[in-house]
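Below are the chains, spelled out letter by letter.
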Amino acid sequence: MAWRFLDTGYGDAFWNMGLDEAILTSHIEGKVPATLRVYTWKPSAVSIGYFQSLEEEVDLEACKVLGVDVVRRITGGGAVYHESGGELTYSLVVSEEELKAKRHFEDIQGSYRVICEALVEGLRKLSINAEFKPINDIVVNGKKISGNAQTRRRGVILQHGTILLKTDIPTMFKVLKVSKEKVSDKAIKAVEERVTTIYREVSTGVTLDDIKEALRRGFAEYFNVEITLSRPTQAELELASEYRKRYSSWDWIAKR
Amino acid sequence: MLLRSEYKVKGGKLIKVTLEVEGDVIKSAKIHGDFFLYPEDTIELIEQALKDVRLNSDFEQIIAEAVKKSGAQLLGFSVEDIAAALRLASHSRLG
Chain A
1 MAWRFLDTGY GDAFWNMGLD EAILTSHIEG KVPATLRVYT WKPSAVSIGY
51 FQSLEEEVDL EACKVLGVDV VRRITGGGAV YHESGGELTY SLVVSEEELK
101 AKRHFEDIQG SYRVICEALV EGLRKLSINA EFKPINDIVV NGKKISGNAQ
151 TRRRGVILQH GTILLKTDIP TMFKVLKVSK EKVSDKAIKA VEERVTTIYR
201 EVSTGVTLDD IKEALRRGFA EYFNVEITLS RPTQAELELA SEYRKRYSSW
251 DWIAKR
Chain B
1 MLLRSEYKVK GGKLIKVTLE VEGDVIKSAK IHGDFFLYPE DTIELIEQAL
51 KDVRLNSDFE QIIAEAVKKS GAQLLGFSVE DIAAALRLAS HSRLG
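Line order of the protein sequences matches chains A and B.
Heads up: the first sequence runs through residues 1 to 256, numbered per the numbering used here.
Heads up: the second sequence runs through residues 1 to 95, numbered per the numbering used here.
Careful: at least some of the hints might be erroneous.
To be verified - If you want a taste of the chain A side facing chain B, the calculated C-beta under 8 Å gives, among others: (1) F51; (2) I74; (3) G77; (4) I108.
What the hints assert, rightly or not - Listed next, the stretches of chain A that the computed footprint assigns to chain B, with coverage defined by at least 3 CB atoms under 8 Å from CB atoms of chain B: (5) 52 to 61; (6) 139 to 152.
Stated by the list, open to error - Okay, derived cross-link-like pairs now, DSS-like style, lysine-lysine, Cα gap no bigger than 25 Å in a straight line: (7) A:K144 <-> B:K10; (8) A:K255 <-> B:K51; (9) A:K143 <-> A:K212; (10) B:K10 <-> A:K143; (11) A:K133 <-> B:K8; (12) B:K27 <-> A:K255; (13) A:K177 <-> A:K166; (14) B:K8 <-> A:K144; (15) A:K255 <-> B:K30; (16) B:K8 <-> A:K174.
These are calculated hints, taken from the structure and not from any lab test.
Computed from a predicted model, the values in this text were never measured in an experiment.
By construction, the Cβ of each residue, glycine as well, lies at the ideal position given by its N, Cα and C atoms.
The following block holds chain A by itself, in its conformation from the complex:
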């Protein structure tokens, strides 16, 4: 069965997370096929991992001043500053069984690897020589270009991740409280030197649509499956609106 490709464009943080979860639920219920989605953020937002402390990771005052939303993900991993126009986000929803039938892997780390390798295949279409770096990163010449996180429910995987287009490190440092330990460990090189972006790696004028299409083709070839352009179902959109309420509630955002 063909997989779906959804390009849902710009959305706010709560809607973006709501739709990822709506696709997950819909696939668990067997209502939609496996789905690759691409999207962007408006306004800019910080997403924190499920296990992170809101107050320890995010400068809420700075976010308020800068008009940056804050959302807690259902996936673990670290805090991310999603700059509007500065990155492209993808999500893949697929059952572990179907994923295993396409590509061999042993464990959870292996499932990160195969999904990230599909992403790497997509980046290669843009002549970017990327590679998967365990646990959950994709790097180009050792520099991080993508961070990824997944959750699993009833045998279905939701993995989402960001691909940097350009950086705004000064704003990132304003909205995130970078832990002292992490700064000291990584202060060896400036952050700008530790990350890279699509616009830095590709000299010719690559468009957002080019990148989306490269990802679609990369996933299709890597998993040897047809991935056809589609739209979210009405039920998914309604579910996403429902979930959006939870994602934007203070109870959820400040949960931990």
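Add chain B to chain A, keeping to what the hints say.
Just chain B now, with coordinates in the frame of chain A:
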């Protein structure tokens, strides 16, 4: 009284522990960080299991039991790492 620690796991993840203690007994434990744990709500089970536990307890065994009970899988950190982070927080007091 609050005890805190930050523990860097080999491979890059960070575990942050906050313990609220009365005497040498943990009244509440919070384990934060950028790791991965499946299913995610296992973290609440671990935190619950640490309640009313003494600071010199065998944290490893307590966490291992909670992990086993929920059939959880860890990625980016281990039961031993959480225990080490908890000991580090404990020592910030005992130390």
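Outcome of the hint check:
For A:F51, the interface hint holds, since its Cβ comes within 8 Å of a Cβ in chain B; the closest pair sits about 5 Å apart. Interface restraint check: A:I74 against chain B, minimum CB-CB distance 7 Å, threshold 8 Å, status holds. The criterion of a C-beta within 8 Å of any C-beta in chain B is met by A:G77, whose closest approach is roughly 6 Å, and the hint holds. Satisfaction of the interface hint for A:I108 is found here, the shortest Cβ-Cβ separation to chain B being roughly 5 Å, below the 8 Å cut-off.
Only residues whose beta carbon comes within less than 8 Å of a beta carbon in chain B count, and the region 52 to 61 of chain A has 3; three or more means the coverage holds. Here the region 139 to 152 of chain A counts 4 residues with a CB under 8 Å from a CB of chain B, which clears the bar of 3, and the coverage holds. In summary, the hint linking A:K144 to B:K10 is supported, as the alpha carbons are separated by about 18 Å, within the 25 Å threshold. Using a Cα cut-off of 25 Å, the hinted pair A:K255 and B:K51 holds, with the two alpha carbons roughly 18 Å apart.
Restraint check for A:K143 and A:K212: the C-alpha separation of about 21 Å stays at or below 25 Å, so the hint holds. Annotation: proposed proximity of B:K10 to A:K143 holds, straight-line Cα distance about 19 Å (limit 25 Å). Between A:K133 and B:K8, the direct Cα distance comes to roughly 18 Å. Compliance with the 25 Å bound is thereby established for this hinted pair. Among the hinted pairs, B:K27 with A:K255 is consistent with the structure: their alpha-carbon atoms are about 19 Å apart, no more than 25 Å.
Distance restraint check for A:K177 and A:K166: the Cα-Cα separation of roughly 21 Å lies within the 25 Å cut-off, and the hinted pair is therefore satisfied. A hinted pair counts as satisfied when its Cα atoms are at most 25 Å apart, and B:K8 with A:K144 qualifies at roughly 19 Å. The straight-line distance between the Cα atoms of A:K255 and B:K30 is roughly 11 Å, inside the 25 Å bound, and the hint therefore holds. Restraint check for B:K8 and A:K174: the C-alpha separation of about 23 Å stays at or below 25 Å, so the hint holds.
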